[in-house]
Amino acid sequence: MLDRQAAGEIWEDVWVPTACDMCYNVCSIRVHRINGVAVKIEGIPEAPPNYGKLCAKGNAALMNLYNAHRVTSPLLRTNSQKGIGVDPKWKQISWDEAMNLLVEKLRAARLKDPRTLVAATFDRSSYFLLRAFMAAFGSPNVTNTAAGFFCGNGVHPVAFTITGSNDVHPDLGLCNYLLIFGSSHGFVAQQNAMGLAREMAKARMRGMKLIVVDPVCSHAASKADEWIPIRPGTDTAFALSLMNVLVNELGRYDAAYLKQYTNSTYLVRPDGHYLRDPKDGTPMVWDALNGCAGALGAVEFKDAALEGIFQLEGVKATPAFQLFKEHLLSYAPEKAAEITTIPATTIRRVASELAEAARLGSTINLEGHEFPFRPAAACWYRGISAHKHGMLNGMSIAHINLLLGAVDVPGGLINSAAAGPNWGPKEGRDGLLVAGNPYTNTHMSPVPPRKVKQPESLELVELFPVSVYARTMLWLGVLYPEKFGLTYGPEVFIQCRTNLMATAGDPEVMGEALKRVPFMVSFADHHNETTEFADLLLPDSHALERLVPVVFNPYIHYNNAPLPDDDWCFNFQQPVVKPMGQARYWMEVLLEAAERLDLLPDLYTAFNAAAHLEVDVRLDPSRKYTWEEICDRWLKSYCGEEHGLNYFQEHGYCKLGKRTVEQSYPRIFHKGRIPLYLEHFIGAGEDVKQFTEKHNIPWDTADYIPLTEWRPCPAQTESPAEYDLFVVNQKVPFLTLTITGENPWLVELAHRSGKVFNVGMNAATGRGKGIVEGDEIELETPSGKKFRAIARLTEGIHPECLAVPAILGRWVTSNDSARGKGVHFNSLLEYNVDRLDTLSSALDACVKVKVRRVSRAH
Amino acid sequence: MTLLPVVEVKITFVGLIQRLVGRREEAVLVPEETTLGGLIEKLVARYGQELGERLLENGDLAAHAAVLINGRNAMTQGGLQAKLSDGSESQVEIVVLGPPLMGG
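For the protein sequence lines, the chains are A and B, in the order given. The opening position of the first sequence corresponds to residue 1 in the working numbering, with each subsequent residue numbered one higher. The opening position of the second sequence corresponds to residue 1 in the working numbering, with each subsequent residue numbered one higher.
Same shape as in the complex, but just chain A (with noise of 0.2 Å):
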């Protein structure tokens, strides 16, 4: 073969259509390989969710395939010292050494009790096998770990309630006028990242107005309309005087959209309960037409009042829009300046801009249907999510759309990610919307409320009865399980494609749970700060190396098909090489294992379920498959009898029919109710104090209120003043997950920008303080963490903040030009209960510095 090559001979130059896996958004790809090298990577320009767009992540990806440094062999520690820095010692061992050490563990694990194996991994497309496996082993301890510490915490919970899907996005086919909070949808991040990077472009090239909120001048913003520069951890009280001018100063709001599809109607006691009817404890309302109160249902939702006060029997009754409306007040443009450091004027102009590009009262007509039309829309996502008040924080931007009428219907907010082919809301208990999903089992919807109980999984997602997950938890469920009355911890921890030690809370407390693992296994295909602390690590083959049947999919992933018209969508990755080394795919070594540890049988049940495969292909646990077998089955299930292995491995992708109008905007085809008066948070509040009292655990459960409020995170509160700047933390579209920090081309690509690995300043600040571009400074928090970096100053930065970019500041990385430059923004953060949302799980990543500068700039 060499002398053919070195002769210059071409025996095989074929593409191969799989998917790309450097972000979670899992493009269509299709890759060149020529005579078994893999050499080029392009789109599929018919092919969903990128039609054949690849941003600077796929194109790149084939320095990752090949990287030199990647881990090519079983490893087993030979050195009982964990820590950050800490030398492994690594020894080479055969995959039967390994394969006979993990079966042991893990066999010793499920006889002491299958509750001490915990999971984790960002892998999506092998979720559902690793819920099965997990399902099979008996332990509820499977995570994504670091996911679920910034992000969605103030999205999940709050789409769930307002649409009973997972998230919520604009229409950008309708959109005029877009409020972007905290957030770069539709700037290469988030969910279906390429197909909605063209959705927005059109959007702007039609004509939408974008206006971005954000203390950054971020990707988002720089391509705006408008940015609008905001103090960190304040979008609340913006968002609440947005409200507050439409409407007790315009008087601009949807009051049709509120009657019928919210519960702005619904009684409310002076406890801040709902009045009931004693017959059967349904919601009162006041119908405004007969002059007397009526349950829910029996009043014609246009009768019912909205605002009034009413005494029945001696008690008082208000509707929660009249409590909201009130409440409304205390957020003065004036004030919410003070806080925001927004001026009130822009306040109210953009007040009256989202009232007028709402265009109250109006309809459109789509295939014979007649919709509100309300073209207009805010959203949010990490920026909104990473506070001690994120559930507030998010709640309070998604009742913006609501005020407007602008929830799943043609304009605004609709629903987006598990909202699958066959996905519709419903009405539940209180007539409030619930996630009407056959496939409710991929999601723990938080409303109604879950009961509050003795947490048993180490994520004391127990806890937590209004969240989606609560996987902040969960190593502080292993380093304190007295203080949660958890009667066992880990045993065996196995972890892929999560690098939790950079991305998840403050390193030192990461590491000191990690050490608490008697064993863990880490399956990576490169070295890095998590798998510093595995026992054993096995090579993990790269995306290119591996056969995985479903990876974009409608039932799990965000924004298949976001619009209307737009084609629901699978798509798998197909090994295009062969695995580097002894690389395997993670998922069959833990096939294997099951077998060996007898759990196939439940494996296979378990995962007909998680997966919901059609009778006819299920899995009979009676019989053995291979991992081509299962692929074929699980994809005709999905995508029918033409469409199994043999179809995916030609054609890569395939499509089932194009979403609905009835599936965007879902709003006039059921009844459930949105909450803008979150009665349903009191209970809940009152069963987690009860509950944490009784047990003496020590927790915070003053979020849990009706209306939303703007609530300080503790740096705003309790920094000393000389500690006078915010650092947030930047998006940088091509710097995402770690492992594109092992990426020489787009490390280089960081390099080359100039913004990536220095410190972002405000210009003027930076004079104040008497530092120039490029002088060395230092951060140093109030607990006395410091930090050396170079600055960059800016007009694009909010004057009392700082930018930390991405994941820098690396210390465990095969890219010498990455190790340990830039700040490592996770390790400014404080990482204990008290930073905790106690609603959401998240991690509040507000964090107050002083700066110093350490030398001038050469």
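Hints were generated in silico from the structure; no laboratory data involved. For each residue, glycine too, the CB sits at the ideal point set by N, CA and C. There could be a bad hint or two in this list.
Residues from chain A that keep clear of chain B, each with C-beta distances beyond 12 Å, as calculated [to be verified]:
(1) Leu250
(2) Glu592
(3) Gly644
Here are the computed distance ranges between Cβ atoms for each label pair [claimed, not checked]:
(4) B:Gln49 <-> A:Asp271: 55 to 63 Å
(5) B:Gln81 <-> A:Asp598: 33 to 41 Å
(6) A:Asp271 <-> B:Gln81: 28 to 36 Å
(7) B:Gln81 <-> A:Ala201: 46 to 54 Å
(8) A:Gln454 <-> B:Arg23: 23 to 31 Å
(9) B:Arg19 <-> A:Ser362: 32 to 40 Å
Following the hints, put chain B in place on chain A, whose structure we already have.
Relative to chain A, chain B alone:
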């Protein structure tokens, strides 16, 4: 006295629930019209309230409790109101899955 027709339901327990009931499989005889909710009541009476707490939430199947009735997800057949049998032997698989991994 009229005897109600009965059917045999073979139950497989997977996951945490296996430990709770102390077995992987069991067969029960139930009236033909028994729903999933009725079966769960019967199992709770036999194995205790904790079983109900694992399988039920807010009057419905819990998010992480997946039940297959003759291979089909009970949620697509009416949830707790799903009939177990059409007159012939029935197979029910009760799986307690860990929390969903969505989000981030």
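### Violated hints - listed by number, lowest first
4 and 9
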